[in-house]
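Asks: As a plain string of letters, each chain reads:
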Amino acid sequence: MSFVVRQIALKSSGEEIIRRSVAEDAVLVIGRDGSSGIHLPDLAVDPRHARISAIDADTLLIESIGEQPFTVNGRSTTSSELEIATGAELAFGGHRITLAREAESGLPAFTVRRVEAVSESAEAIDIGSAYTLQKLLPGKRMSAWGFAALVLLTFLAVPIWSWATYQPLALHKDARRPAGIHGDTAWSSGNLSLAHKNLNNDCQACHVQPFVTVRDNACMTCHKTDAHQHIADGARLLKARGEPTGFTGFQRAVANAFNKPAGRCVECHTEHEGAGAMPATRQQFCTDCHDGLKSRLSDTKIADAADFGTAHPQFRPMLVTGIAGDGKPLRQRAVWQDGLKESTGLKFTHAQHLSKTNGIAQMVRRRPGQFAANDALGCKDCHQTDSGGARFQPVEMEKACQSCHSLTFDEIGGTFRTLRHGEPDQVVADLRAAFRGGMPPRPANLSGMARRIPGAAAQQSTAADYARAVHFYPMQADQAVTAVFSKGGMCYDCHTVTRGGGAATAGFSVQKVAQNGRYYNKGWFDHKDHRKSECVSCHIKATTSNEADAVLVPGIDGAGGCRSCHVGEGGAKLASAHVKEPVASGCAMCHEYHMDTGAPWKPADKRKGPALLTAAWDRPRHPTLQR
Amino acid sequence: MATTPAPGPAPRRRTGATRERQSTHEGFLVHKNGKWIKLSAALAAVLILLYIFVPLPPQHFGSTWLGYTLGTIGALLILWLTALGMRKRAITPGRWSLKAWTSAHVWLGVLLSVIGTLHSGFAFGWNVHTLAWSLMMIVIVSGIFGVTAYATLPRALSANRYDSEGAITEKQMVEALRSLDRQLHDAAQPLDRECAVLVDNSLEQDPFTGSIINRLTGRYPGDATREAAGELRRLRAHRPRIADDPLDKVDALLTRKEAMLARLRRHLRIKGWLQAWLYVHVPMTFALIAALSAHIVSVFFYW
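Chains A and X supply the protein sequences, listed in that same order.
Last residue of the first sequence: 627 (the numbering used here), numbering continuous.
Last residue of the second sequence: 303 (the numbering used here), numbering continuous.
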């Protein structure tokens with residue numbers, strides 16, 4: 001059988017050149033080998049790839065020679081029958097062979113056409129893009145919009161949606177968002193302080209309305225009882241602050257323009273500063289008003305104050321000036337000065353009692369273990385702190401004095417009888433009762449008739465004792481009462497005794513004692529924080545003063561004064577004076593904005609910890625530049 | 001070039017007598033005697049000094065007057081810097097020539113890292129605000145990388161294009177490969193199936209194949225040409241030597257193709273680095289503008 005082979009080649013112009021040949025063989029070989037009936041110069045084709053033979057006049061058989069497959073009508077195979085009348089399309093490598101019956105000759109004709117380029121590089125290559133990264137990376141434009149959309153969705157749309165979903169939670173004390181994704185937490189610039197930790201997920205608890213700053217009503221939702229006004233009259237507060245001028249005024253105007261009114265809680269109580277304690281308010285917050293207050297608020301009774309180290313007025317302790325008719329102490333504030341006196345109604349010699357050389361010290365040495373120290377009395381033998389440790393309990397006669405200053409007046413059968421402290425009428429009654437019995441019993445060996453002989457020393461001693469007993473044992477009870485209330489008497493030595501009492505006290509009157517528990521009521525002083533210091537380093541007069549009425553609390557300046565260590569917030573005092581152990585002290589160390597009687601609020605991380613011995617405790621922004 | 005010629009003697013006619021190059025070119029980095037780098041450095045110094053010495057609270061620095069000012073300047077600067085993408089498509093001479101604009105873009109962009117970081121007050125966290133800062137830094141760092149690439153890589157690109165026969169263009173590289181492929185195709189016709197398939201693999205592999213990783217590293221582990229050359233040499237080692245072995249010619253052609261491919265790929269690698277940074281710089285800029293918008297809206301939303 002003969003086959004027609006039509007090889008089609010393309011001119012560079014795209015025109016086809018057809019080379020027709022007729023193979024007179026019974027078997028037509030398709031292959032890369034030059035001797036093949038259908039020669040395919042294609043490296044993907046075997047040298048002898050397949051052979052075609054006739055089964056009958058209408059059917060051809062094509063089968064692979066080397067078991068390499070080829071494609072018939074789009075399907076890979078190694079053997080196939082081909083209907084000449086129907087025709088077929090064969091594919092070998094980059095060549096396509098179509099089978100059809102040639103009309104003129106009636107022979108089966110194979111039309112061979114190269115459909116793939118010789119190599120990949122021969123394919124059309126777009127030089128413009130091939131050398132770029134265009135096909136290797138997502139387009140810049142697409143990824144730009146993609147990323148932008150992703151960010152806007154995640155950090156703008158979702159947070160706003162979160163806000164919108166939980167809106168009714170605002171201004172409800174115990175309302176909390178359920179756990180879950182809260183997009184708006186991505187807006188949080190930092191964790192809330194420990195006190196507000198449970199609000200971390202509830203942005204709306206404070207941020208009530210969008211584009212409206214946090215207002216006080218949000219704070220007051222929870223802080224109903226613990227947020228006192230600084231002063232009741234808010235208008236006065238604003239007046240004290242004064243109208244901001246210059247750059248500050250400009251800032252104020254900008255803030256107002258952006259809907260940020262002045263005087264809100266959050267201006268001082270800043271948040272989102274990390275999960276620690278709330279930070280302390282800066283001193284400037286106080287001095288904005290109190291520095292030069294008189295110039296803005298002429299009728300104020302408060303002196304101007306700024307930095308403690310340089311511009312704080314002298315202290316004004318509250319002193320006891322006497323006792324009112326109802327027995328309550330009268331108090332009055334006075335500017336602290338050296339040698340200030342008050343009226344306690346007591347007589348006490350601090351210097352004498354604290355001496356290390358006199359009889360009192362000697363007595364302490366004789367009674368080791370009964371006092372705090374074994375060489376002399378110390379402060380704490382009489383003064384005990386209260387339970388909080390901030391201040392001292394009043395000195396009680398029974399605990400502090402009586403172990404030395406006994407009120408014993410009689411001994412009966414080895415038991416001592418004691419006058420009752422604090423009850424003058426009972427004292428008088430007890431004494432009168434004691435003297436109902438008359439004279440002290442005369443010792444039996446003092447017969448009075450015997451002749452004195454040498455060696456009767458014991459008798460002499462007894463006689464002397466008896467004589468003293470008689471002397472101190474007045475014949476009349478009233479004499480005894482008078483003695484005890486007069487100079488040299490038990491009461492008189494410590495108390496102020498006047499005449500003018502009732503009959504029950506034999507006309508004597510003992511002044512009520514007033515011990516001053518707190519001198520500085522506008523500022524907070526805590527003895528606990530100063531326990532590492534000696535008492536006398538501040539109360540320096542304690543070892544020299546022998547007057548109970550002398551005010552021993554220190555003032556602001558001078559020896560023992562607070563400024564001996566406390567140098568103001570930034571240590572401003574250090575610029576002009578040497579301080580051995582400087583302690584930074586902003587206003588809030590002693591003063592409380594929300595005025596109450598307790599200790600001023602202090603950040604939790606400042607409540608404990610070592611004594612404040614550096615001037616740099618208040619988180620200075622640029623520590624190295626401070627000095 | 002729009003700039004005035006550099007002062008000095010008029011450029012001499014270049015002859016073989018001197019090899020000194022008289023370049024009047026002034027790059028965009030030092031445009032106008034480094035006007036923009038000086039300005040940016042001065043501004044950065046002023047801002048840092050302001051940050052240190054203006055007494056402002058350490059917390060929430062961004063919401064102080066200086067913080068707001070820096071933030072506003074930074075945001076506007078970001079938008080202006082982004083505008084280079086539009087500006088660069090219109091090349092104009094003069095005072096605001098594209099070169100001047102580019103110089104300002106680069107140095108004010110570097111200055112932005114100072115402005116943005118000071119605005120943050122060094123308070124970073126997992127939030128939208130730090131996201132905006134991070135994206136800004138990514139954009140700036142990728143930009144610095146791009147400038148560095150532009151300053152150093154073109155020299156390597158040129159060097160790669162030159163050989164003893166002169167320079168070769170990108171088009172010529174492809175043409176050379178096509179020619180080698182045609183010759184390989186012809187030379188491989190007599191080969192048996194096993195060898196022909198190896199050569200065919202080489203022909204069928206796109207010279208521009210490979211992922212972005214291959215492109216940027218210049219490593220192509222599955223290279224068919226190298227594999228074909230190696231495999232053919234291995235096969236040949238066990239065959240007796242004959243004269244006119246078609247494998248000789250194929251081997252020589254494959255070696256040449258390998259060399260040409262290596263040069264092409266070096267070229268692609270360098271060009272890749274010259275372009276790749278923009279695929280970070282540009283999309284991240286838009287992500288930054290989105291994050292910046294979210295940052296600004298969030299600040300006022302939860303005012």
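One thing to keep in mind: the hints can contain errors.
[Unchecked claim] Think about it this way: if two alpha-carbon atoms lie no more than 25 Å apart in a straight line, the pair counts; the simulated SDA-like pairs of lysine to any residue are:
#1 X:Lys271 to A:Asp126
#2 A:Lys140 to X:Lys249
#3 A:Lys140 to X:Trp80
#4 X:Lys249 to A:Ser129
#5 X:Lys88 to A:Ser129
[To be verified] Not the full set, but computed from the structure, chain X residues with beta-carbon under 10 Å of chain A:
#6 His25
#7 Val128
#8 Arg182
#9 Leu198
#10 Thr255
#11 Ala294
[As the list claims (entries may be wrong)] Where chain A lies over chain X, by a calculated footprint (3+ residues, C-beta under 8 Å):
#12 97-111
#13 162-174
Simulated from the structure, these hints should not be mistaken for laboratory data.
A virtual CB, placed ideally from N, CA and C, is assigned to each residue, including glycine.
Asks: Next step is simple, just say for each hint if it's right about the structure.
Replies: Here is what the structure says about each hint:
1. With a C-alpha separation of about 16 Å, the suggested pair X:Lys271 and A:Asp126 falls inside the 25 Å cut-off, and the hint holds.
2. For the hint pairing A:Lys140 with X:Lys249, the CA-to-CA distance comes to about 45 Å; that exceeds 25 Å, so the pair is violated.
3. Proposed proximity of A:Lys140 and X:Trp80 is supported: the alpha carbons are some 19 Å apart, at most 25 Å.
4. For the hint linking X:Lys249 to A:Ser129, the alpha-carbon distance of about 33 Å lies beyond 25 Å, and the restraint is violated.
5. Among the hinted pairs, X:Lys88 with A:Ser129 is consistent with the structure: their alpha-carbon atoms are about 20 Å apart, no more than 25 Å.
6. A least Cβ separation of about 25 Å between X:His25 and chain A goes past the 10 Å threshold, and the interface hint is therefore violated.
7. A least Cβ separation of about 4 Å between X:Val128 and chain A falls short of the 10 Å threshold, and the interface hint therefore holds.
8. Taking 10 Å as the C-beta cut-off, the interface hint given for X:Arg182 holds, the closest approach to chain A being about 6 Å.
9. Hint status for X:Leu198 relative to chain A: holds, with the closest Cβ pair at about 9 Å, below 10 Å.
10. Interface hint status for X:Thr255: violated, as the beta-carbon distance to the closest one in chain A is roughly 17 Å, over 10 Å.
11. Nearest Cβ of chain A to the Cβ of X:Ala294: about 4 Å, under the 10 Å cut. The hint holds.
12. Check result for the region 97-111 of chain X against chain A: violated, 0 residues qualifying (beta carbon to beta carbon below 8 Å, three or more required).
13. Counting residues of the region 162-174 of chain X whose beta carbon lies closer than 8 Å to any beta carbon of chain A gives 3, which reaches the threshold of three, so the coverage claim holds.
Hint violations for this structure: numbers 2, 4, 6, 10, 12, all remaining hints satisfied.
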